[in-house]
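Protein chains in written order, with the numbering used here: chain A, 1 to 222; chain B, 223 to 436; chain C, 437 to 756.
Quick caveat, the hints were computed from the structure, so don't treat them as lab data.
Mixed in with the good hints there might be a few duds.
Claimed, not checked - In silico PhoX-like links for lysine-lysine, alpha-carbon gap of 25 angstroms or less:
no., chain 1, residue 1, chain 2, residue 2
1, C, K624, C, K651
2, A, K110, A, K208
3, C, K715, C, K464
4, A, K114, C, K569
5, A, K208, C, K651
6, C, K736, C, K723
To be verified - One-sided and incomplete, this derived list gives chain C residues near chain A with beta-carbon spacing under 7 angstroms:
no., residue
7, R487
8, L488
9, T492
10, R512
Don't be surprised by glycine CBs; every beta carbon is placed ideally from N, CA and C.
Read off the chains here:
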Amino acid sequence: MEVIRDVFLFIFNNSNRILEYTVNHLSLVLTVLAFSLVLWISVGLIISKYDRFATSVIGLANILFVIPSISLFGLFVTIPQLGLGRKSAALALILYAMMPLVRNVYRGLKSVDKSVIDAGRGMGMSTTQILYQIQIPMAWPVVFAGIRVAVVMITGMATVATFIGERNIGRLIHHGITRGNAEMIIAGALVVSLIALFLDYLMGLLEKRVTSPGLRHSSENY
Amino acid sequence: MNFEFERFVIAMFDRAPPYILEHMQLVLIPLAIATAIAFPVGVLLTRARYRRYSGRVMGIFNTGQTIPPLAVIAVFFPFLGLGYRPAVIALTLYALLPIARNTLAGLAGVPLEVKDAARGMGMTEWQTFRQIEIPLSLPVVMSGIKTSAVLTAGTAALAALVGGKGMGAVIFAGINFFRMELILAGTIYIGLIALFLDRVLSFIEARMTPSYMK
Amino acid sequence: MIQLEQVKKIFPQTTVPAVDEITFSINKGNICVFVGPSGCGKTTILRMINRLVEPTSGNIYIDGENILHVNSDELRRRIGYVIQQVGLLPHRTIEQNVGLVPRLLKWPEARIKARVMELLEVVGLDPSETAWKYPYQLSGGQMQRVGVARALAADPPIMLMDEPFGAVDPIVRGRLQDEFLRLQQEVKKTICFVTHDINEALKMGDYIVVMNKGKLVQKGTPMELLSEPANDFVKDLIGDDRGVKLLDLTRAESLMMVPESYPVARDCPCFIDAIQPVKMALEVMMKNDSDVVGVRRGDKVIGTLSWTEIKKHIHRISGD
Numbered sequence: 001m002e003v004i005r006d007v008f009l010f011i012f013n014n015s016n017r018i019l020e021y022t023v024n025h026l027s028l029v030l031t032v033l034a035f036s037l038v039l040w041i042s043v044g045l046i047i048s049k050y051d052r053f054a055t056s057v058i059g060l061a062n063i064l065f066v067i068p069s070i071s072l073f074g075l076f077v078t079i080p081q082l083g084l085g086r087k088s089a090a091l092a093l094i095l096y097a098m099m100p101l102v103r104n105v106y107r108g109l110k111s112v113d114k115s116v117i118d119a120g121r122g123m124g125m126s127t128t129q130i131l132y133q134i135q136i137p138m139a140w141p142v143v144f145a146g147i148r149v150a151v152v153m154i155t156g157m158a159t160v161a162t163f164i165g166e167r168n169i170g171r172l173i174h175h176g177i178t179r180g181n182a183e184m185i186i187a188g189a190l191v192v193s194l195i196a197l198f199l200d201y202l203m204g205l206l207e208k209r210v211t212s213p214g215l216r217h218s219s220e221n222y
Numbered sequence: 223m224n225f226e227f228e229r230f231v232i233a234m235f236d237r238a239p240p241y242i243l244e245h246m247q248l249v250l251i252p253l254a255i256a257t258a259i260a261f262p263v264g265v266l267l268t269r270a271r272y273r274r275y276s277g278r279v280m281g282i283f284n285t286g287q288t289i290p291p292l293a294v295i296a297v298f299f300p301f302l303g304l305g306y307r308p309a310v311i312a313l314t315l316y317a318l319l320p321i322a323r324n325t326l327a328g329l330a331g332v333p334l335e336v337k338d339a340a341r342g343m344g345m346t347e348w349q350t351f352r353q354i355e356i357p358l359s360l361p362v363v364m365s366g367i368k369t370s371a372v373l374t375a376g377t378a379a380l381a382a383l384v385g386g387k388g389m390g391a392v393i394f395a396g397i398n399f400f401r402m403e404l405i406l407a408g409t410i411y412i413g414l415i416a417l418f419l420d421r422v423l424s425f426i427e428a429r430m431t432p433s434y435m436k
Numbered sequence: 437m438i439q440l441e442q443v444k445k446i447f448p449q450t451t452v453p454a455v456d457e458i459t460f461s462i463n464k465g466n467i468c469v470f471v472g473p474s475g476c477g478k479t480t481i482l483r484m485i486n487r488l489v490e491p492t493s494g495n496i497y498i499d500g501e502n503i504l505h506v507n508s509d510e511l512r513r514r515i516g517y518v519i520q521q522v523g524l525l526p527h528r529t530i531e532q533n534v535g536l537v538p539r540l541l542k543w544p545e546a547r548i549k550a551r552v553m554e555l556l557e558v559v560g561l562d563p564s565e566t567a568w569k570y571p572y573q574l575s576g577g578q579m580q581r582v583g584v585a586r587a588l589a590a591d592p593p594i595m596l597m598d599e600p601f602g603a604v605d606p607i608v609r610g611r612l613q614d615e616f617l618r619l620q621q622e623v624k625k626t627i628c629f630v631t632h633d634i635n636e637a638l639k640m641g642d643y644i645v646v647m648n649k650g651k652l653v654q655k656g657t658p659m660e661l662l663s664e665p666a667n668d669f670v671k672d673l674i675g676d677d678r679g680v681k682l683l684d685l686t687r688a689e690s691l692m693m694v695p696e697s698y699p700v701a702r703d704c705p706c707f708i709d710a711i712q713p714v715k716m717a718l719e720v721m722m723k724n725d726s727d728v729v730g731v732r733r734g735d736k737v738i739g740t741l742s743w744t745e746i747k748k749h750i751h752r753i754s755g756d
């Protein structure tokens, strides 16, 4: 119980700093998310049209995904054009987001029931109409599952960017470890988990809004 | 770019290799413990008696997964001190979800009519489980273990922060001294370890799969 | 009218034609059923008519116009298309599904709404109950009805139906067939209908085209097929109960005896209508434990049908 009290005291006494870190954390995550969505959804669309690139692109995404986050941050820092700070952090995080986004866009588009597409074609829908009116809306649940994985992952990995100079919630954990300060570590872990859960919750709300009720009953899309 | 080939060679063949075994341990021990926990949990949650809890348990696991790895590793450190133990516990927790999820999905994916037919021919529940459910769900279960192995191999790099050693020590040294060669060497070894574990697990899977299913 | 002229299809990476130089035509307002085992090319023919499959060679004309020279999307909007899996858009309501082609054709919204409501009624669904629902909320039979309504939406003169009632149980299938035949009496579409079920073919078809391995084996009316099967393949397809099946297509009046004295006929214990099938006569005879049944047209008794006559008829057509 004492620990919990100390954690809350810490948060209360350092609210300004925690707020600053939270804002930095969120701005990094949202910037990365915006770039990633535009970039990787386009890539997903392209590889589902040009299937022969799909295996290699998804393979590349998988390789990027298993590189430890700390390594990728570290490597980018040593590149002079990127250096310490946001550019390196953002670039690394965008690369990590590739796997869940590209894979799920591709999977989502490919998993659309063939008979529905056939019916659409048979009724005289053009290729573009089939893409926008059938494939994309039907792929939404799977795409959104990917977006939620990406958001949670980016939020978590952003903490590691503290080692390359980002001033975000990761800094609480980092400094907590070096100073052996338990409250600081736990406060950091708590806040960053709350941020992740909150963003995931927001995405869930958004998902409900854009997904047709007709698709909602099949919620098992991971 | 300050890459020097000579330093890279030294990093690859002198600095990093002593950490390989440590890193392997940091992956294998959590993976073994996580499998020992998550697989039975997955099995229980697909039994008729406990099926209704599966949504809630997976919900807890999913929420657990939203907590960043750095936070999980750090949180145990104040209570358990520096060293191996906090890292192993944190990595174990982190490896649970993919295994549990895939065990659940794999067992739930065994066609009902196959299980029905087995029961109909007089197989006991245990025989059905052992001879029908396990072999049919094996590929999905194993792919969960592989996912966990690969993720743990990467996440284990953070263990160095709490004195858990492993290849992370090399990478953090590289970050602290701006030595790209060290980071690169550490990363390459982690990649090789992940690849090696993936192959070993695939081999085990192939050995366990009955020949008629290959 | 639909005409196929030496139509041939060889799929890429295969050598055996899926459809081999088929020529025939379908008259306006008729139902033409393609029947045969799976892989016989019947679905491929159907899909060539709306150009979901492009023929390797040959020509297809609709009302004299070569469809290979028409924009394929526009062509398809003029042709109704119903498939076994139905293929309703799961993310759209029933109203939106039925209104799909009219929307592609940019009808005014009010006209679409009215048309959808009318059609749901026509296929036997309650519009106020169904229109706002999503496909997953419907039963298999209801989905098939929506599929038919969707194909009828823009009032296309031609309908292509690929096993449209194949995914429902036999009782619902029978009901859907009956309703569709009744509907066809009103709408008089030109229909190409694919099935592997010979009974469905005999029931639905004005004409039947029997296919095997991409080749046309026999074409004709159900009556012609039953009484003169072209070869053993058609005989096997129809089955051993050819005679009984024929009784289903033979009107009672065609086997009826006109007795010299009406009182005899009037004394029959049971009666059927002149246009009812002979099979029905058998049913009535069995129920009343009688060897003879009276045949009526309206209120007037016009003859008798006896067990002996029916037996003679079966022997005649079975050829033994």
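Holds or violated: L488 (chain C) as interface residue toward chain A, Cβ cutoff 7 angstroms?
-> Interface hint status for L488 (chain C): holds (6 angstroms vs cutoff 7 angstroms).
Would you settle whether the hint for T492 (chain C) is holds or violated, based on the nearest Cβ-Cβ distance to chain A being less than 7 angstroms?
-> 20 angstroms, violated
Sort out whether K651 (chain C) lies within 25 angstroms of K208 (chain A), counting only the CA atoms.
-> 52 angstroms, violated
Starting from K624 (chain C), check that the Cα of K651 (chain C) is at most 25 angstroms away, please.
-> Violated, at roughly 29 angstroms.
Agreement of K114 (chain A) and K569 (chain C) with the hint, judged by alpha carbon distance not exceeding 25 angstroms | Satisfied, since the Cα-Cα distance of roughly 22 angstroms is no more than 25 angstroms.
Hint validity - R512 (chain C) Cβ closer than 7 angstroms to any chain A Cβ | 3 angstroms, holds
Straight-line Cα separation of K736 (chain C) and K723 (chain C) no greater than 25 angstroms?
-> Holds. K736 (chain C) to K723 (chain C) sits at ~22 angstroms (cutoff 25 angstroms).
Are the Cα atoms of K110 (chain A) and K208 (chain A) separated by 25 angstroms or less?
-> 22 angstroms, holds
Agreement of hint R487 (chain C) with chain A interface, Cβ distance less than 7 angstroms = With Cβ-Cβ at 10 angstroms, over 7 angstroms, it is violated.
Keeping to a limit of 25 angstroms between CA atoms, is the pair of K715 (chain C) and K464 (chain C) held or broken?
-> This hinted pair is violated, its Cα atoms lying about 30 angstroms apart.
The earlier numbered hints that this structure contradicts are 1, 3, 5, 7 and 9.
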